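Visitor: As a plain string of letters, each chain reads:
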Amino acid sequence: MDTGRKTPVSYSQEDVEGEENTILIRRTLRSGQKFYYEGNVIVMGDVNPGAEVVATGHVIVMGQMRGMVHAGAEGDESAMVMAFRLLPTQLRIANHITRPPDDEEPGTFPEVAKIRNGVVTIESYQTGRAAV
Amino acid sequence: MGEVIVVTSGKGGVGKTTTTANLGTGLAQLGNKVALVDADIGLRNLDVVLGLENRIVYDITDVTGGHCRLRQALIKDKRYEGLFLLPAAQTKDKTSVNPGQMKELCEDLRQEFDYVIIDCPAGIEQGFKNAIAGADRAVVVTTPEVSAVRDADRIVGLLEAAELREPKLIVNRVRYKMVKAGDMMSIEDIIDILAIDLLGVVPEDEMVVITTNRGEAVICNDHSRSGQAYRNIVRRITGEQVPLLSLEEGGLMNRIRRMIGFK
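Residue numbers (our numbering), protein chains in the order written: chain A, 1 to 132; chain B, 1001 to 1263.
The shape of chain A in the complex, shown without the other chains (with noise of 0.2 Å):
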């Protein structure tokens, strides 16, 4: 039977992550309030100071992550922290722990944490290059 769904383009299999679970969560977590998941999140909504985003996964962030955010939770060190604002209090990506410098303008534009050479590196998120 026609579903009438069709798949445009066809991806490699290194494109698509299928095997993790990701979860939607459709609202900003406040201060005091935490969130564990065992695979990837997505935050439709702001991360306020106070809170903590911990994911085995990736963490996706669409609005300000001004919050506590741990990606890879479990070690994995491929995992990435995406925001339209990065602005955390800390930032963690599996056994790495980082702060924001103390003398930095914060960005205005969406950014990416990601582990590069062993260290995390934060840059402006590009279409299509978050993965590179």
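These are computed hints drawn from the structure, not numbers from a lab.
The structure presented is a predicted model; accordingly, all values stated were derived computationally and were not measured.
One thing to keep in mind: the hints can contain errors.
[What the hints assert, rightly or not] For lysine-lysine, the following DSBU-like pairs were computed, each having C-alpha atoms within a straight-line distance of at most 35 Å:
#1 A:34 to B:1129
#2 B:1129 to B:1092
#3 B:1168 to A:34
#4 B:1168 to B:1180
#5 B:1076 to A:34
#6 B:1103 to A:34
#7 A:34 to B:1078
#8 B:1076 to B:1011
[Stated by the list, open to error] Quick list of simulated restraints, FRET-style, between CB atoms:
#9 A:34 to B:1012: 22 to 28 Å
#10 B:1031 to A:99: 52 to 58 Å
#11 A:26 to B:1213: 46 to 52 Å
#12 B:1192 to A:98: 33 to 39 Å
Ideal placement from N, C-alpha and C gives every residue a C-beta, glycine not left out.
Based on these hints, arrange chain B on the given structure of chain A.
Guide: Using the frame of chain A, we list chain B on its own:
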């Protein structure tokens, strides 16, 4: 049937009790029948702020414990016909009342009053849970300080979890000069984090200290800016649309300067 509104903040000292006293007085000025409930058992203040301390015979724990009737514990205000206070107990603690009893109490009060305003204690423990148990609406009070805003955010989260949707925000003790100079959080900064509707902004005002020490509400003072701010907030609570107070300090002189073209 009346409406039950809880005034809460998380952090202490931001002006919950002052706000409760002023909103209650303001609503009574407009001819409403208002009951103020002090839910801060063990650290009661609302009676002192209203100047009614020496009239207390029974308190909230006497009502919930069945030692007296609700009417006996309600204290009539000195100035306003329709304003009543249900005081907290001073010699007991927060665990002497439970959320179920508070819910029942609010149900009884709303039968008789147009507005029931609950003064919530600081913190997020039993006292807070008691205070919000019977409320329909919540007003969150904060000051332009990072710690107060952080606590307010925590409170908004807890209110949402307790199904008290769409709390309203009052920003208290704002110093416009400092905000202008960039030395104090602005209203926009606060709204940016809390993302809830603004009910009003109350400027820092010495008159609040003066009137509170006399056991009066600043809302009765026609010339104070904070009194004006509270009057506007009261009108917004009753459903009126009232624009925010001009955010500039100085009033008349500034207005004249603006009119003749200086900035």
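Visitor: Hint by hint, note whether the structure agrees.
Guide: Now for the hints, and whether the structure bears them out:
Among the hinted pairs, residue 34 of chain A with residue 1129 of chain B is consistent with the structure: their alpha-carbon atoms are about 20 Å apart, no more than 35 Å. Using a Cα cut-off of 35 Å, the hinted pair residue 1129 of chain B and residue 1092 of chain B holds, with the two alpha carbons roughly 17 Å apart. With a C-alpha separation of about 24 Å, the suggested pairing of residue 1168 of chain B with residue 34 of chain A holds against the 35 Å cut-off. The hinted pair formed by residue 1168 of chain B and residue 1180 of chain B meets the criterion: a straight-line CA distance of about 24 Å does not exceed 35 Å.
Straight-line distance between C-alpha atoms of residue 1076 of chain B and residue 34 of chain A comes to about 45 Å, which puts the hinted pair past the 35 Å bound. Of the pairs offered as hints, the one joining residue 1103 of chain B and residue 34 of chain A holds, with about 29 Å between alpha carbons and a cut-off of 35 Å not exceeded. Distance restraint check for residue 34 of chain A and residue 1078 of chain B: the Cα-Cα separation of roughly 48 Å exceeds the 35 Å cut-off, and the hinted pair is therefore not satisfied. Taking the CA atoms of residue 1076 of chain B and residue 1011 of chain B, the gap is about 29 Å. The hint holds against a cut of 35 Å.
The beta-carbon spacing between residue 34 of chain A and residue 1012 of chain B, approximately 24 Å, falls within the hinted interval of 22 to 28 Å. For residue 1031 of chain B and residue 99 of chain A, the hinted distance range of 52 to 58 Å is satisfied, since their beta carbons lie about 55 Å from each other. In this structure, residue 26 of chain A and residue 1213 of chain B meet the distance hint of 46 to 52 Å, their C-beta atoms being roughly 48 Å apart. At about 24 Å, the beta-carbon gap between residue 1192 of chain B and residue 98 of chain A misses the expected band of 33 to 39 Å.
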